[in-house]
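Chemist: Each chain, written out:
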Amino acid sequence: MRILIIEDDRETSQFLQKALKESGHAADLAHDGEDGLVLARDGGYDLLIVDRMMPRLDGLSVVKALRDDGIRTPVLFLSALGAVDDRVKGLKAGGDDYLTKPYAFTELLARAEALVRRVEPQETQTRYQVGDLILDRLSHRVTRGGEHIPLQPREYRLLEYMMRNAGQVVTRTMLLENVWDYHFDPQTNVIDVHVSRLRGKIDKGFERPLLHTVRGAGYMMRDGVV
Amino acid sequence: MALSDPIAQAATGSPRSAGAVAASPRSTSRLLATSAFRVTALVVAAFVVMAGTVVGTLFWRTNAILTRQALEMISQEARGFEAIARAGDIGMLAQSVTERSRTAAVGSALLILVDAGQQKLAGNLARWPDALGPGKPGGTFRYPYALPADEQSTQRVAAGLVIPVGNGARLLVARDIEEQRALIDGVRSMFLWGFGILGLTALAGGLLASRLMLGRVAAITETGATIMSGDLSRRIPLSGSDDEFDHLSGSLNVMLDRIEQLMNGMREVSDNIAHDLKTPLNRLRNRAEAALRDHGDRSSVARALERVIEDADDLIKTFDALLLIARLEASATAASLEPFDLSLLVRDIAELYEPVADQAGHRVALKVPARICVRANRQLIGQAIANLLDNALKYGASAGSIVGVDVLLELIAGPGGVRLSVSDCGGGISSIDRARVMKRFVRLDQSRSRPGTGLGLSLVAAVAKLHGGKVSLEDNRPGLRVEFALPSSAMVSEATAPPIAEP
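As you go down the protein sequences, you meet chains A and B in turn. Numbering-wise (my numbering), the first sequence opens with residue 1 and increments by one. Numbering-wise (my numbering), the second sequence opens with residue 227 and increments by one.
Read the hints as simulated data drawn from the structure, not as lab findings. One or more of the hints may lead you astray.
Said to hold, decoys possible - Simulated pairs of lysine-lysine, DSS-like, Cα-Cα distance not exceeding 30 Å:
| no. | chain 1 | residue 1 | chain 2 | residue 2 |
| --- | --- | --- | --- | --- |
| 1 | B | K691 | B | K543 |
| 2 | A | K89 | A | K201 |
| 3 | B | K362 | A | K92 |
| 4 | B | K620 | A | K201 |
| 5 | B | K691 | B | K665 |
| 6 | A | K18 | A | K64 |
| 7 | B | K665 | B | K593 |
| 8 | B | K620 | A | K21 |
| 9 | B | K691 | B | K593 |
| 10 | A | K101 | B | K593 |
| 11 | B | K593 | A | K92 |
| 12 | B | K691 | B | K620 |
| 13 | A | K204 | A | K101 |
| 14 | A | K101 | B | K504 |
| 15 | B | K665 | B | K696 |
| 16 | B | K504 | B | K665 |
| 17 | B | K543 | A | K101 |
| 18 | B | K543 | B | K504 |
| 19 | B | K362 | A | K89 |
| 20 | A | K64 | A | K21 |
| 21 | B | K504 | B | K620 |
| 22 | A | K92 | A | K64 |
| 23 | B | K593 | B | K504 |
| 24 | B | K593 | B | K620 |
| 25 | B | K665 | B | K620 |
| 26 | B | K346 | B | K504 |
| 27 | B | K346 | A | K89 |
| 28 | B | K620 | B | K543 |
| 29 | A | K18 | B | K691 |
| 30 | B | K665 | A | K101 |
| 31 | A | K101 | A | K64 |
| 32 | A | K101 | A | K89 |
| 33 | B | K691 | A | K101 |
| 34 | A | K64 | A | K89 |
| 35 | B | K362 | B | K346 |
| 36 | A | K89 | B | K593 |
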């Protein structure tokens, strides 16, 4: 996918550009808000990565201007401002996700991919399938190889989120934010325990594991080896 | 010198810029500039003006009465001679003037009768006074006064009336008023002296009083200057007289105690931050250095790098928590409050931790009534509950307790507000340590080896404070009971709180 990075710190933006290229994405750079706005308006990007604090035009204003023009390109905010209210402000201005510096690149990549996929028409699907695991969104039934797997409501939502993002890395914070709606640090790796519980229900006793752990990043639903 | 500290200069009182010669004028001008002296001077001036008005009026009235009395006596005397003069015989008038001159007491009747040519015809005055020229109806004049035994004469003051007696002859009927004049003069000088002495005494008193006060104020100023130069342990000396200055000094000392306490707290916090951030930073650095030395083995380098990233992540966590606490403590009001179902949030978080507890063999029990709604910051309250539950599971739960419950989450709503208590039955915290554990980075010895930033409870306390609530620790016998209280003002009726939208 084509990504525009609007970030005034050159080292950070070049590191991001290189890392995104290595992950198979094309990335352009803009070093201040005004340049970023011009590029974003006519660039045809799949995703904008926007820093909050920049010279000439700050990130919030850039995104507001874009949204006013009716440009719906997904926006991932990067910011050193991490308090709860800053995040709310970013999302209100039209951002789609908010990541606080410092961050792990794997986290940024996973979120970027999730954002781009969100605009694809997958949202309207009534059935997710990974291998022989099927999740029916209408009946809320989960089956594997035709066999019904009973799940708790939270386990169902966890699985639903992971299957919607099948083939992509989902991080622990993404799960905490999207499945639980918590934007804070739960101290302990509570998510790991939830995921391993879910894994026990959907993978145990089957030859091919579908829920994989991606070292140093998070998890992935996939039929096959990661 | 222009940059020298004016307060320190005033406090030490040394006229550094003026030199030794100026010492006295300078201190005098300082004395004159004190408010105490100014007030004294003003009062003295007002008193002198008022007393002067009263005494002046009195003086003027007395003078007028005495003068009128003298004039009355003179005109009485004059009327007698007028009657004789009207009879027309100037010889008889001269005779009665001579008669009266002889019998009258000294000074009570001063008489002289002159003809048209100013020649004396009769009387006890040697000659017609110059002050009473032709055409004058009367007035005061000086006359030579000689006691019979005394050769020398003195000039005394007299007042008199001129009576024309026909054919250009005139009679002067006068009376000695020297006594009265002397009395008036005496009274006047007495008053002037009196006022002078009174005013000077009052001013001197004012100066003395202000000098005394200035001394006390200077002590306070000096202490202030010492404190400003860095010695926070100094206190203002008390005179022991329990006066207003002692009261002022006392309350200033209490304020200084409080400031010193806060400063020490700040120092402690920054020391702690230095220690708790530098130690892991140093560890991280050591690891990176060791990996660099360990050339050749790619896999061990990769492992070391992974550990370095883990360390960095831990540091970031600590840093984030510190920043969050600082921001919460700095802001007076909680921004972005929203009504939400606290009961649901508590259940939700308990559910989030349930598998962790389960894995460790602990049981978490809930006593949470349905739909207790509050208006608060959901994320922050959630973080606080998570921290409390995490603490209880990490440090408080001992598997296999008698009642079968290791951690109890209880939510109670009453008229006084909402209370969430998290009770465990672990080792608890001694009463001495209870106040301490709320502070940043305080970790009790038994928990030092386990992971954690030492900021969990500080953050909980900051969240409570931001919402106008508080956190208290109690003995759960056995174990610890942490109570997180929100004031009743944070409660809302359940109608206003929408059910939390499930993502």
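Chemist: Give a verdict on every hint.
Modeler: Each hint tested on the structure:
A threshold of 30 Å between alpha carbons decides the hint, and for B/K691 with B/K543 the separation of about 22 Å falls inside it, so the pair holds. Between A/K89 and A/K201, the direct Cα distance comes to roughly 39 Å. Violation of the 30 Å bound is thereby established for this hinted pair. Restraint check for B/K362 and A/K92: the C-alpha separation of about 109 Å exceeds 30 Å, so the hint is violated. About 27 Å separates the Cα atoms of B/K620 and A/K201, which keeps this hinted pair within 30 Å; it holds.
A distance of roughly 14 Å separates the Cα atoms of B/K691 and B/K665; the hinted pair therefore holds under the 30 Å criterion. The suggested pairing of A/K18 with A/K64 holds, with an alpha-carbon distance near 28 Å, which does not exceed 30 Å. Our distance criterion of 30 Å between C-alpha atoms is met by B/K665 and B/K593, whose separation comes to about 29 Å. For the hint pairing B/K620 with A/K21, the CA-to-CA distance comes to about 42 Å; that exceeds 30 Å, so the pair is violated.
At roughly 24 Å between alpha-carbon atoms, B/K691 and B/K593 fall within 30 Å of each other, so this suggested pair holds. Taken as a hint, the A/K101 and B/K593 pair is broken in the structure, with Cα atoms around 39 Å apart against an allowance of 30 Å. For the suggested pair B/K593 and A/K92, the alpha carbons sit about 36 Å apart, so the restraint of at most 30 Å is broken. A threshold of 30 Å between alpha carbons decides the hint, and for B/K691 with B/K620 the separation of about 24 Å falls inside it, so the pair holds.
Straight-line distance between C-alpha atoms of A/K204 and A/K101 comes to about 38 Å, which puts the hinted pair past the 30 Å bound. As the CA atoms of A/K101 and B/K504 are separated by approximately 20 Å, the hinted pair is consistent with the 30 Å bound. Taken as a hint, the B/K665 and B/K696 pair is honoured in the structure, with Cα atoms around 14 Å apart against an allowance of 30 Å. Between B/K504 and B/K665 the alpha-carbon distance is near 19 Å, which keeps this suggested pair within the 30 Å criterion.
Distance check on the hinted pair: B/K543 and A/K101 sit about 11 Å apart at the alpha-carbon level, within 30 Å; holds. Simply put, B/K543 and B/K504 have alpha-carbon atoms about 14 Å apart, close enough for the 30 Å limit, and the pair holds. Distance check on the hinted pair: B/K362 and A/K89 sit about 106 Å apart at the alpha-carbon level, beyond 30 Å; violated. Pair hint A/K64 plus A/K21 holds up; C-alpha atoms about 28 Å apart against a cutoff of 30 Å.
Taking the CA atoms of B/K504 and B/K620, the gap is near 25 Å; set against the 30 Å cutoff, the hint holds. Only pairs whose Cα atoms come within 30 Å are accepted, and A/K92 paired with A/K64 is accepted, the gap being roughly 9 Å. Taken as a hint, the B/K593 and B/K504 pair is broken in the structure, with Cα atoms around 42 Å apart against an allowance of 30 Å. Of the supplied pair hints, the one linking B/K593 and B/K620 holds, its CA atoms being roughly 21 Å apart against a limit of 30 Å.
About 19 Å separates the Cα atoms of B/K665 and B/K620, which keeps this hinted pair within 30 Å; it holds. Distance restraint check for B/K346 and B/K504: the Cα-Cα separation of roughly 125 Å exceeds the 30 Å cut-off, and the hinted pair is therefore not satisfied. In summary, the hint linking B/K346 to A/K89 is not supported, as the alpha carbons are separated by about 121 Å, beyond the 30 Å threshold. At most 30 Å may separate the alpha-carbon atoms for a hinted pair to count; B/K620 and B/K543 meet this at roughly 18 Å.
Restraint check: the Cα-Cα separation between A/K18 and B/K691 comes to about 45 Å, which exceeds 30 Å; the hinted pair is violated. Taking the CA atoms of B/K665 and A/K101, the gap is near 26 Å; set against the 30 Å cutoff, the hint holds. Pair hint A/K101 plus A/K64 holds up; C-alpha atoms about 22 Å apart against a cutoff of 30 Å. Distance restraint check for A/K101 and A/K89: the Cα-Cα separation of roughly 16 Å lies within the 30 Å cut-off, and the hinted pair is therefore satisfied.
Between B/K691 and A/K101 the alpha-carbon distance is near 27 Å, which keeps this suggested pair within the 30 Å criterion. Proposed proximity of A/K64 and A/K89 is supported: the alpha carbons are some 11 Å apart, at most 30 Å. For the hint pairing B/K362 with B/K346, the CA-to-CA distance comes to about 18 Å; that is within 30 Å, so the pair holds. Distance check on the hinted pair: A/K89 and B/K593 sit about 36 Å apart at the alpha-carbon level, beyond 30 Å; violated.
Figure legend: structure checked against the earlier numbered hints; hints not met, in rising order: 2, 3, 8, 10, 11, 13, 19, 23, 26, 27, 29, 36.
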